[in-house]
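Number of protein chains: 2
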Amino acid sequence: MIRVKEEKVREMAVSSVREEFIKKAKLKVQDAISSPDLLLIHTVSAIDELNRVSNLLFERLVEWYGVYFPEFKTNDPAKFVQGVLVIDRENLDQKEIEMAFGQQAQSIIQKAKSSIGAKLSQEDLKQIRQLAAQLQLLWKLRDEIEKYQEALANKICPNMAYVAGPSLAAKLVAQAGGLKRLVLLPSSTIQVLGAEKALFKHLKTGSKPPKHGLIFQHPLISKSPRKLRGKLARALAAKIAIACKADAITGNFIAEKLKAKLDAQMKRILQKE
Amino acid sequence: MIRVKEEKVREMAVSSVREEFIKKAKLKVQDAISSPDLLLIHTVSAIDELNRVSNLLFERLVEWYGVYFPEFKTNDPAKFVQGVLVIDRENLDQKEIEMAFGQQAQSIIQKAKSSIGAKLSQEDLKQIRQLAAQLQLLWKLRDEIEKYQEALANKICPNMAYVAGPSLAAKLVAQAGGLKRLVLLPSSTIQVLGAEKALFKHLKTGSKPPKHGLIFQHPLISKSPRKLRGKLARALAAKIAIACKADAITGNFIAEKLKAKLDAQMKRILQKE
Numbered sequence: 628m629i630r631v632k633e634e635k636v637r638e639m640a641v642s643s644v645r646e647e648f649i650k651k652a653k654l655k656v657q658d659a660i661s662s663p664d665l666l667l668i669h670t671v672s673a674i675d676e677l678n679r680v681s682n683l684l685f686e687r688l689v690e691w692y693g694v695y696f697p698e699f700k701t702n703d704p705a706k707f708v709q710g711v712l713v714i715d716r717e718n719l720d721q722k723e724i725e726m727a728f729g730q731q732a733q734s735i736i737q738k739a740k741s742s743i744g745a746k747l748s749q750e751d752l753k754q755i756r757q758l759a760a761q762l763q764l765l766w767k768l769r770d771e772i773e774k775y776q777e778a779l780a781n782k783i784c785p786n787m788a789y790v791a792g793p794s795l796a797a798k799l800v801a802q803a804g805g806l807k808r809l810v811l812l813p814s815s816t817i818q819v820l821g822a823e824k825a826l827f828k829h830l831k832t833g834s835k836p837p838k839h840g841l842i843f844q845h846p847l848i849s850k851s852p853r854k855l856r857g858k859l860a861r862a863l864a865a866k867i868a869i870a871c872k873a874d875a876i877t878g879n880f881i882a883e884k885l886k887a888k889l890d891a892q893m894k895r896i897l898q899k900e
Numbered sequence: 628m629i630r631v632k633e634e635k636v637r638e639m640a641v642s643s644v645r646e647e648f649i650k651k652a653k654l655k656v657q658d659a660i661s662s663p664d665l666l667l668i669h670t671v672s673a674i675d676e677l678n679r680v681s682n683l684l685f686e687r688l689v690e691w692y693g694v695y696f697p698e699f700k701t702n703d704p705a706k707f708v709q710g711v712l713v714i715d716r717e718n719l720d721q722k723e724i725e726m727a728f729g730q731q732a733q734s735i736i737q738k739a740k741s742s743i744g745a746k747l748s749q750e751d752l753k754q755i756r757q758l759a760a761q762l763q764l765l766w767k768l769r770d771e772i773e774k775y776q777e778a779l780a781n782k783i784c785p786n787m788a789y790v791a792g793p794s795l796a797a798k799l800v801a802q803a804g805g806l807k808r809l810v811l812l813p814s815s816t817i818q819v820l821g822a823e824k825a826l827f828k829h830l831k832t833g834s835k836p837p838k839h840g841l842i843f844q845h846p847l848i849s850k851s852p853r854k855l856r857g858k859l860a861r862a863l864a865a866k867i868a869i870a871c872k873a874d875a876i877t878g879n880f881i882a883e884k885l886k887a888k889l890d891a892q893m894k895r896i897l898q899k900e
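Read top to bottom, the protein sequences are chains A and B.
Quick note: the first sequence uses the working numbering, first residue 628, plus one each step.
Quick note: the second sequence uses the working numbering, first residue 628, plus one each step.
A portion of the hints provided could be inaccurate.
You can't tell identical chains apart in this list, so a pair holds if it fits in one copy or across any two.
[Said to hold, decoys possible] Below, in silico cross-link-like pairs of lysine-lysine (BS3-like), each with a Cα-Cα straight-line distance of 30 Å or less:
id, residue 1, residue 2
1, K706, K653
2, K872, K746
3, K738, K872
4, K753, K653
5, K774, K888
6, K807, K899
7, K835, K782
8, K653, K888
If you are wondering where the hints come from, they were derived from the structure by calculation, not from laboratory data.
This one's a predicted model, so the numbers in the text were calculated from it and none came from an experiment.
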């Protein structure tokens, strides 16, 4: 009797220990997938995907609309979509077209009148316009997610967001695979993060090493003379490497000082030229 | 004086002839781009693109939502999107979930309660839900363009639409580059239209020739036993080749007879088995 009882007690103990461990493991997994920079990474992919997707659909729209009004062209996709929604070649609404296109309106109306495009039924046009309206919604969604990303970056990595801009900060976190991983990278790696292809080509074939990866998107670099970009990128990467450590470890906001130093440094580089 | 006049008259005559020719050329171009099968071709590409695009965004949604409720899975993308819109793990609305998922509702609620997903703010969730709502709009647009395509196919190529189904008819016209080009193709080419890769591989390397291209999508072929598909495809392609000639040249509606013959033929093939 006593032996049987003992075994049962031991079994119960083992199973409750097992449950305890499962609970702990669950919590750890939850912690891992709850890390807020994961959300930031998802916004980066979502914005990328929305851009790719709206480009694809825009190309489709341009071709389709070309059946109706092949002479209509603008450099601005948003304007093009507006034109698709507003221009009715059978029944040109001068006011609406002027509202949308200002000075260009007259030349568009002229072109519409003499267009060699096909005559489409209202039903045909309706389909093309629905695609155009869909594009506007996709752009709007992308803009909203961009705003959300900005708020998220300012919360999760305020120092980096201040120094590099929220969008670039988000992309760097995504490229590194998380804020904690970004912290482990030396400034020289941050400088070429996102230019892995060029970097490994350099290491393999001895071609020129890349001067910048994602951080090229920072206006201070992309708008500066080509031969200064390497130096500017190095300076920026160094400050980002400090900023991300403040974000991930100490939590202090030191970005204003960092930014002031960076600006002074960049001025010096640009003046030496 | 007289000579000058003559020259002027000649010049005027030349320029008016030139204008006349430009007018004629314009009309011809207009004819070419007004051909109604062009619209049909555009619907095929638009539907293709919308499918590709919504698949991309759906994958993105699944990954993003996985941060919040990784245990949630369904085979039906529309159901998944509905789940994203309806399930709030902090505040489970039993009725709404039951309305959306019927018998599955209980197991979903159970999973939601014990989920190891991250706790998200309403703002975080809102972004994910906006993406889900966008997907619903994209699917709706695709369905509407499919309906429009069906109506268009029934108008432009009623015989083909009757024999092969409107969607397949539209795809064949698109693949051939227009109804007039499809008419020029022999039945054996129509049979493998859309399987060019396999066909040229066959011609180059002597691998097995393809038994069917696009017409594989016809349920009579795709749902039949594999070893009969070649014969069925040949029979279907032969009738399509006749139907498209009736559509493009005579304009008579002979599809009912064609379909009856085809059905009898297909029955014979299936019975011989």
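Are any of the numbered hints broken by this structure? If so, which, sorted upward? 3, 6, 7 and 8
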